[in-house]
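Throw the hints in and build the complete structure from the sequences for me.
Here the protein sequences line up with chains A and B, keeping their order.
Basically this note's numbering = 1-based index in the first sequence + 148.
Basically this note's numbering = 1-based index in the second sequence + 31.
Just so you know, the hints here were simulated from the structure itself, not pulled from any lab data.
Among these hints, one or two may not hold up.
Which bits of chain B does chain A cover? Going by a derived footprint, with three or more residues having C-beta under 8 Å, they are [what the hints assert, rightly or not]: (1) 58-71; (2) 235-244; (3) 601-609.
Predicted model, so just to flag it, every value in this text is computed and none were measured.
By construction, the Cβ of each residue, glycine as well, lies at the ideal position given by its N, Cα and C atoms.
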Amino acid sequence: MSKKVHVQTRINGEEVEFLCEPRQSLLEVLRDELGLTGSKEGCNNGNCGACNVLLNGRLVNACLVLGVEVQGREVTTIEGIASPEGLHPLQQKFLEHAALQCGVCTPGFIVAARALLDKTPRPTEGQVRHWLAGNLCRCTGYDKIVRAVLDAATVKKGKR
Amino acid sequence: MADVKEFKVVGTRPIRHDGTDKVTGRALYGGDVRMAGMLYGKVLRSPHAHARIKSINIRKALSLPGVRAVVTGKDLPDAADRIAELGEGAVNLKYLGNNCLADDKVLYKGHAVAAVAAVNAHVAEEALSLINVKYEVLPPVLDVREAMKDDAPLLLPELRTTSLGQKGDKPSNVASHFQFKKGDPEKGFREADLIVEREFFTATVHQGYIETHNATAMWNPDGLLTIWCSTQGAFTVRQQASELLNIPVSKIKVVPMEIGGGFGGKIRVYIEPVAALLSRKTGRPVKIVMTRAEVLEGTGPTPGSYIRVKIGANREGRITAAEAYLAYEAGAYPGSPVGAGAMCIFAPYDLENAQVDGYDVVVNKPQTSAYRAPGATNAALAETLIDEIAERLKMDPIDLRLKNAAKEGVRRVDGPVFPRIGCVEVLEATRNHPHYTAPLGGPNRGRGVALGFWFNVGLKSSASASVNADGTVSLVEGSTDIGGSRTTAAMHVAEELGIAAEDVRPVVGDTDSVGYTDVTGGSRVTFATGWACYEAAQDIKRQLCERAARLWEISSDDVTYENGGCVSRSDPSRRITFKELAGKLGDTGGPVVGRASVDPQGVGGAFAANIVDVEVDPDTGKTQVLRFTVVQDAGKAIHPSYVEGQMQGGSVQGIGWALNEEYFYDSKGVMRNASLLDYRMPTCLDLPMIDTVIVEVPNPGHPYGVRGVGEVPIVPPAAAISNAIYHAVGIRMNCLPMSPGKVLEEILKKG
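Right, dumping it as structure tokens:
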């Protein structure tokens, strides 16, 4: 077994330390070492987006990042999207629009959409479809997901 | 049975009870199971599409530090050579076992051969490379028509063709041939003024759920086995595990975790018995999670097929005869959905003369599993012939369909007589939709329509509902929830008791906590599990009336339940609400639990139609879907958002099947696109919004008129898109997928 590396990072606003093998992906570390199972594994090679997290604010597939790479950086996972005051507008709109069926792609979509709205607060339908093209959903046909994201974008900035 | 009734909850759109868990990442899926001392399992799979296993040496793998156990096919008890019903298709248990861990032969690339349990997944993976399997490689057969030839390589030496009920005497890859016949097709074709005949080749496609298969098993020293897994049916997993491991069902508890999609592909077991064997050997919980490549190469795709269809019509547009030949690839073991395809192919039409011949054929590909209206999408390519007839008769294609549409009392080619159905209403709503007459607005654009049928199933469901003192209800039902069905189930209880959907808290039970419930499949959950919940609510109402009678010291015959409470028939001023009475249960005899198990028979079939606009790029052959409308008869939409969601999701799976998705095999039978990059399912960038029209022709066999909505939307899209491509660029495609290369080839051929 290869030697474990000590990593210090921030996850969802909190200081976190962990040990991991150099070959372990960030996704594996989040799920297996830290118990943050909200990020899902759909393909483990960057094609489905179910493991989307923000790394220093940038959208990445956690399965394509190594655990050791987050040393000194800041990670936001689906567990960090809601606040103690309640759900993020994206989460609320996903519920209101019935934008999930099985729900396994949902964490990835919400993290990805959050990254979009951070950058482009009032996206067009085309921009939403372009941005979310890295997230696969097999249940919904995307219609209600796109509507939920467009609707969340109309919620006042201070509330999201 | 369905009467016109005013609904308060049914037809509304409450937010799903499990929603917050799912948008915050808290919901626990099978892959999220963690246990003390848990080991990780990995499966060794055959690199060959067809080979005899000469030997398996596991010694080196066992000696790798961190490895705790290795199992092979020899560790599985010999399963009986008999058929078990799995809820959406029957399976031979011997084949089921051999598919989980190969016996003496591997029949497809990806066939499971051995499995390892180790302290982590990386060590388990390393150990796989240390297992030494010696194979005698055999030639594979990968195409249904090749496999049917007399000199084809044989997969299963013991297999004999069952043809029209008679078992053959020589080995064959054709497992069965059956025929449905009605009237006199030869006579019908003689009466036709116009006959069209076409053949189709469709590729193997996968259900494509985003969550891969997973199972965690703990086999305790007391002989009790618990399996936590992602499944469409906890009880079918229990039954299959019981049969394959040769232990009684009473020794097995299956806990269905949240499930990340199934579409028919998570009914058959793959790794559940393997994890159980590894747990028995190690005394520890063992978890196996498939990789995406394992899912594509080793689990249930839906078949590639070869189809010939011939339809004759007279000048007035009446179909005089129809004939179809369907040959479906079962994959490694018999059991393709060709029967269902044959039941559906001509079902939308009132035919006097028709014949359908079906062939179930084994090939060196993974064993096929159910996929949303299994077999019907392939068969619905017959709709392109209807379009061709309409064009040649210069008739509107919907008018032609209406002229021949199936109605109540019409007998299908495969025998059943239709009860009240919504075929005509769906066609009329399609014709009346503004999309149907909207301008196309550009060159190389075309519009296609198609119609599809799926019969739906009923099967068994159970529910129990406990009244809480605060006037809410805790509901336990047995259908794993893939699209919001626990909320739909709760809405039945809320409707009957006259309370809010939010005041019913639904839970999907494990096999020890709820009565027997068949799989989430066959579009049956709202129909049958909803019905069980409806009956459980009736049980509560009966008990509450007795309690009210006791409070009022009157006869319970004098009490009825209406508008959310009990009321005295003789003195309607005596009234107590559900909530008030719920608070008094402790003083009137103790808790009230309503329960029901149902096996409803009044299944109502469903029709769906599509209008689709496409633009075909004449330089590349790429087809872009510009606009898509799906019209479907739901009978009664309990939660319209979820009905729309099924219609949209099914349509988009149909679009993917039509345009992109296919297994690419090389000549050795190796799938060359076993990733989600290369097995290309639609992304949101490929699609427009999917417009939905819910038609409600109540199913007379259900208290609310429910039909079932999950499957039929995948049936018409491929045919509708094929028709649209024809109207865009004048080519009739004879294959699925209609990928750019194939479309371009046809465009170039046409010149």
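Hint check:
1. 58-71: Answer holds; 6 residues pass the 8 Å Cβ test.
2. 235-244: holds (count 6)
3. 601-609: Answer violated; 0 residues pass the 8 Å Cβ test.
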